[in-house]
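Trainee: Listed below, chain by chain, are the residues.
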Amino acid sequence: MRWGRCCVALAGLVAVSRPLVAQDTAAIDRGVRIGITYQPGVRPGLVLLPPPTTLGPVRDSLRAILWRDLDYSDRYELISFAGSDSIQVSAPHSLSTPHARPSVALAVLNYPLYRALGADFAVTIASRRSSDTLDITVHDIVAGSVRRVLPARFPALTAPGFRLAVHRVADRIVEATLGVRGIAATRILYLASGKLYRIDQDGADMKTLVSSGDRSILSPGWDHEGNRITYTEFWSGHGQLFVQAAGSGKRRAVTDGKTLDFTPEFSPDGKTIVFSRAIEEGTDIYALNIGDNCCLQRLTVGRFSDNLSPTYSPDGQRIAFVSTRAGAPQVYVMAPDGTDQQLFAPFDYGVTGASNAPDWSPDGQSVAFHREVGGTLQVFVLDARNRTARQLTSVGRNEDPTWAPDSRHLAFISDRSGYRQLWVIDIETGRIRPLLLQSGVRLPAWSPLLPETEASTP
Amino acid sequence: MKRPLLLAVGLVVAGAACGGNKPAPAPAPQASANADSAAAAKARQDSIAAAEARAREDSERMARQRSADSLAALGHTTEAVRSMLGTLIHFDFDKSNIRSGDASILDQKIQILQANPNVRIEIDGSCDERGSVEYNLALGNRRANAAKQYLVTHGIEAGRIDTKSYGEERPLDPAHNEQAWAQNRRDEFQIIAGGDELKQP
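Chains A and B are the protein sequences, given in the same order. Once you know that position 7 of the first sequence is 7 in this note's numbering, the rest is easy, because the numbers rise by one and skip nothing. With the second sequence counted from 1, adding 1000 to any position gets you this note's numbering.
It should be emphasised that the hints constitute simulated quantities derived from the structure, not laboratory data. Fair warning: there could be bad hints in the mix.
Only pairs whose alpha carbons sit at most 27 Å apart, straight line, appear in this in silico DSS-like list of lysine-lysine [said to hold, decoys possible]:
| hint | chain 1 | residue 1 | chain 2 | residue 2 |
| --- | --- | --- | --- | --- |
| 1 | A | Lys271 | A | Lys250 |
| 2 | B | Lys1164 | A | Lys195 |
| 3 | A | Lys195 | A | Lys250 |
| 4 | A | Lys258 | B | Lys1095 |
| 5 | B | Lys1095 | B | Lys1164 |
| 6 | A | Lys207 | A | Lys195 |
| 7 | B | Lys1164 | A | Lys258 |
All figures in this text were calculated on a predicted structure; none of them were measured in a lab.
Please model the entire structure based on the sequences and the hints provided.
Mentor: Below is the structure:
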C-alpha cells in the first residue's frame, strides 16, 4: 500500500501540469514521462498492465502496439507506470498477486489501488497453459469485477498479419469498455513521389502498394468494406481509373485512359464508381457500374463550370461534390442520379476562399473539406444537417482531410512542421499528432475497419 | 517534339560543316586564260581538259554547297517558327482567362498555323502548387482549352488542336515562391504533326 500512496501523490502532482489540449496548437508529443503519466480530463482512465514475460519477444510489441492504439483512440486517460518494462520484477502482477499465477491474478487484481490511480478500467494479459491463446481481460475497476475476457491468438511476430491482429484486440478492448467501435484495425493510403503507399493508423508497417513507372498515382480511395481500393494512374494528361484488391494487389482498369479521369469514389454498395472526367467543355462527374463495367452515366453538365471530387453519404442517398458554378470552387450536394443539385457548405460570394476535397463522414453527419483562408488552406467540417461549417485547423497549410471510421478522427496533410506530412486530428479533443515523418506526401485516404479476411479479387 | 528538333539542329550543323571545311575555290578560269595566250596547242588541250574537270568539280561542289545552305536556312526558319509556336502563355492564380498581354502571343501562333496548314499542335495546361491537387487537374484542363478556344475563334480548325491537363504535376520551377508559381501557371504548345518544315507566316 505504501507504493500505492506514492503513486496517488505523484498523480495529483502531475494532474495540474497538463491541461486538456482542445485547440490546434499541439506540437509533436515528445512522450516525456515523469513518474506517472496522467492526462486529466473527463475520459475514463485505463491501465494497461504488462503482458507476462513468458511471452518472449512478442511481449514488447504486443504491449507497445496496444498502448499506442488505445492512446490514439483518444477515448481514455491512459495511466502507465514509469519504466515498467525495466522494472518488470515489481510489475503489477507481483504487486497484486505475490504468488504470481496468471489465472489467480484475475481474481485478486488490486481494484482499490487502481481506483485510487484514477482508473476506470484495467486490461491484463495472461497466457493460457499449454496453449498459444492469450486471455485479454478487461476489468471494470469501479464495479470491482471482470468486464470481459477476450481470447486472442496471434500469428508469429514476423508474420504479416501480426500487427493487424493486435490492432483488432485493441478494438475489442474499446468495444468491451465503451461499447463503441475503435479505429485500430485500419490503414491509411497516401501518395509520395507518384507512388501509392499504405500505412497502419498508428504510423507503422509502411508498404508500397503501387509503383507504376512514369505514371503517377492520384486520388486513392477505399470501398466501404475495406476490401478494395481505387485510384487514378496519371500520365501525359491522361488519367485511368483502377480497382485493386486490398489483399492480393490484383487490379483491373475500369476506364480506358483515353481521357483524364480522376477522383474515383466507391458507392456504399460497392457497385458503382463516381469520378471526375475532364473533357474539352470542362470537368464533370460521371457514374460507372463497375460490376458490369457498363452504363456510364453523366451526373453533372457544367459547360461553363467544373464539377469534381464526388463523395457519397454513407446511405448512398446523396453525393457531395465541388463545383465552380459560382466562380470559385465550393461544396455542393446532389442526389446520386445527379438531380437536386444545391449548395452544401455556405459561403460569402467573393469573400470566402476556394473550397475543395470534400469527404463525407462514415456516420453521415459531417463533411470535411479544405478551404482557402488568408492565402493558405485550412481544414473545415460541415455539419450535414444544419449546414454550418467550422474551421478545425489554423497552424500552417492543412489540406485533403479523410475520415477515420469513428467519424471523430481525420487524417490530413499539413506543413506545420515545415514539410508536407501526414497528421491526425481528433475533433472531440482537438489533439493533433503527426502520423509519419515522411515528407512530400499527398492525398491520404483512411480505410474503414478492415475485414478479417482480405479479398483477393478486385 | 524532341526528335524533329534534334534532326533540324543536326542539319544546321551538317550544313555549316560542309561550307566551312572545304578549301577556298581554286582560281581555275584565270589560269585557263593564261594558258590560252601561251598558245601551246598540246598544252592547251591538256589545260582545257584540266580546267573543264576543275570547273565540273567546282559546279558540283557549289551545287552541294547551295543545297546544304538552303537546308540550313530552312532549318533556321523552321527552328525560329517552332520557337515562336512554342512560346508559353501564363495565367493569374486560379484563373483560366487569357491575359491581354498573352493574346498577341496567341495571335502569332494563329499566323503560323495558317501559314503551315499541316501542323497539328497540343496545348498542355499546368497550375501552381498552391491550389488543390485534384482541382488543379480541372483548372489545367480549363487553361488548355481557353487557349484552344481563342485559336479556334480566330479561324484555326479545332481538329488541329489537342488539349491536355497536367494539373500541378509538372512544374517548370519546383521552388515554393511566387516567382516559381507564376512560371508554373502556364500553357505549353507542342507540335505533334507536320512540324518538320515550317514556313514563316
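Trainee: If a hint holds in the structure, say so; if it doesn't, say that too.
Mentor: Hints and how they fare:
For the given pair, lysine 271 of chain A sits about 18 Å from lysine 250 of chain A by alpha-carbon distance, which is consistent with the 27 Å threshold. At most 27 Å may separate the alpha-carbon atoms for a hinted pair to count; lysine 1164 of chain B and lysine 195 of chain A meet this at roughly 22 Å. Between lysine 195 of chain A and lysine 250 of chain A the CA atoms are separated by roughly 16 Å; this keeps the pair inside 27 Å, and the hint holds. Taking the CA atoms of lysine 258 of chain A and lysine 1095 of chain B, the gap is about 26 Å. The hint holds against a cut of 27 Å.
Between lysine 1095 of chain B and lysine 1164 of chain B the CA atoms are separated by roughly 17 Å; this keeps the pair inside 27 Å, and the hint holds. Proximity of lysine 207 of chain A to lysine 195 of chain A is assessed by CA-CA distance (about 11 Å); at most 27 Å being required, the pair is judged to hold. Distance restraint check for lysine 1164 of chain B and lysine 258 of chain A: the Cα-Cα separation of roughly 11 Å lies within the 27 Å cut-off, and the hinted pair is therefore satisfied.
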